[in-house]
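Peer 1: Chain by chain, the residues:
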Amino acid sequence: MTDTTDTGVTRAEYCAIACAEVFRGDGEVMASAFGTAPALGARLARLTFAPDLVLTDGDAALVDGAPPLGARPSSLVLESHMPYRRVFDVVWSGRRNLIMMASQIDRHGNQNISAIGPWARPKAQLIGVRGAPGNTVNHSTSYWVPNHSPRSFVEQVDVVSGVGYGRASAAGPSATRFHEIRFVVSNLGVFDFATPDRSMRIASVHPGVTVDDVRQATGFDLVVPDVVPDTRAPTPEELDLLRNVLDPKGARDREVKP
Amino acid sequence: MADKRMDLEELMGELSSGMTLGIGGWGSRRKPMAAVRAILRSDLTDLTVVSYGGPDVGLLCASGKVAKVVYPFVTLDSIPLDPHFKAARQDGTVEAMEIDEGMFYLGLLAASQRIPFLPTRSGLGSDVLEVNPSLRTVRSPYDDGEELVAMPALRLDAAVVHVNRADASGSGQILGPDPFFDELFLGAADRRFVTTERLVATEQLAEEGPIQTMCISRLLTDGVVETPGGAHFTACVPDYARDEGFQKEYVTAAGDPDAWRAFHERFLAVDEDGYQAATREAADQRAAARAAKEGA
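The listed protein sequences correspond, in order, to chains A and B. The numbering used here puts the first residue of the first sequence at 273, with every later residue one more than the last. The numbering used here puts the first residue of the second sequence at 521, with every later residue one more than the last.
Among the hints, a few may not be true.
Mimicking BS3-like on lysine-lysine, the simulated pairs with C-alpha atoms at most 25 Å apart in a straight line are [stated by the list, open to error]:
1. K588/B x K395/A
2. K768/B x K395/A
3. K813/B x K768/B
4. K606/B x K768/B
5. K395/A x K606/B
6. K606/B x K588/B
Rather than coming from a laboratory, the hints here were simulated on the basis of the structure. As the structure is a computational prediction, the values presented were derived from the model and not from experiment.
Using the sequences provided together with the hints, build the complete structure.
Peer 2: In structure tokens form, the structure reads like this:
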């Protein structure tokens, strides 16, 4: 691997690239992305290798192009009306690729945004399951965890909101039919489920991070292949888009510190 | 056409303790907050609240009005969590039915269509089915044999939604970009109420916005109440954005019993006119404090 620190690429920029890769190969599907790195990733993919991707304004519309973060609503070119009721038509049709966040994620790709501790009387009530149960059994879903730690990467999540591989299999063919957890991207690396028993594997580490760093920050035993590549570096074009077009104010570096 | 106009007190007279009440809007957006505040002042109790939850749920929980909440989330949007709802769950003071957003939609749709359930893939494999043991699955009677969640109808005793414009007979107009699921809340309810920023003559509706904005028909309403600022502090675009400064005050006050008593005294123990005056005054005070800080 080349020493990418020379190029001055920040950790947040590797995260954005890793999130962009989530959308590679997608045709005309609606990209939904929560968090700064996912929002940048979807836009970057739309402007480069996934030109048919359909982005939203985060409210009730589909937009043309890939507006910069924080673009004024009046500057957006609207393409179509997409109120929540219609979002469900898209979810259930499968024409969507999503990056959600996870308060907890486990080795099977189960995600929790509902509550920490026992359901009946939680130690901490979080936002609620939201659309995670439906999203995960209807279309490809990936996760973004900006604070990789044993508290976020846990042996078993407290409340299964987004459905992972083991739980989908146990629920039967109607649950597995359209189920795919594509990637988990964290501030330390990229993870997938390309293992015989569909347990989480290190796909790449961001430059500057070691496999040992990842192991220590993870609350379960990750599958570690013999060779763990670095997360790919952005091309000069991608770096220019990130820094000068999509996020000139550097919101990415506030989400993941350089 | 029937004249369905009423005031908040008459609306409260239509509700009773123990009811299942649907509340329109989504998160901290276009919530019928004037009606929620009227409930806070009433002696109603033991409510089951069905809501894409925002500060409506938090305030009702804080006032001890709620026995059970049916929700897919409770959020203030720009602030992720509502502190009162969080406390109610963690203290175990309310019963909870937490379901997927799409299941919630189908529950309202099934109730609107007077059918017992609608099938969906959503929920399969998740803990939604574990923590709500009353939920059942159903097998397709066709050759595919798929086993799906049978989302039960979310039948409501009453529903309240807030819209931008309405006429006296209860036709409602939503001028913002998303009508959310308000039409289905009304469809799912036995008693249906619309609060509105402004009552206008029927012929005025077409001047306010295109036909697609006239999305609540009078087939769906039993009563209409004019409540200017009635969604405050949630967003009610294009009439007004969310009052972020006041929402922060709400969250900060919720974190401390003394501060909450003071907040309650100033903003909630007063009638709707008093609330609107007090929040305008609070906005002026925040602006003055900002100016003083910038000047310093």
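Peer 1: Next step is simple, just say for each hint if it's right about the structure.
Peer 2: Against the structure, the hints:
1. Straight-line distance between C-alpha atoms of K588/B and K395/A comes to about 19 Å, which keeps the hinted pair within the 25 Å bound.
2. Of the supplied pair hints, the one linking K768/B and K395/A holds, its CA atoms being roughly 24 Å apart against a limit of 25 Å.
3. A hinted pair counts as satisfied when its Cα atoms are at most 25 Å apart, and K813/B with K768/B qualifies at roughly 18 Å.
4. Taken as a hint, the K606/B and K768/B pair is honoured in the structure, with Cα atoms around 16 Å apart against an allowance of 25 Å.
5. Proximity of K395/A to K606/B is assessed by CA-CA distance (about 10 Å); at most 25 Å being required, the pair is judged to hold.
6. For the proposed pair K606/B and K588/B, the alpha carbon gap of about 14 Å is at most 25 Å, so the pair holds.
Checked against the numbered hints given earlier, the structure satisfies every one of them.
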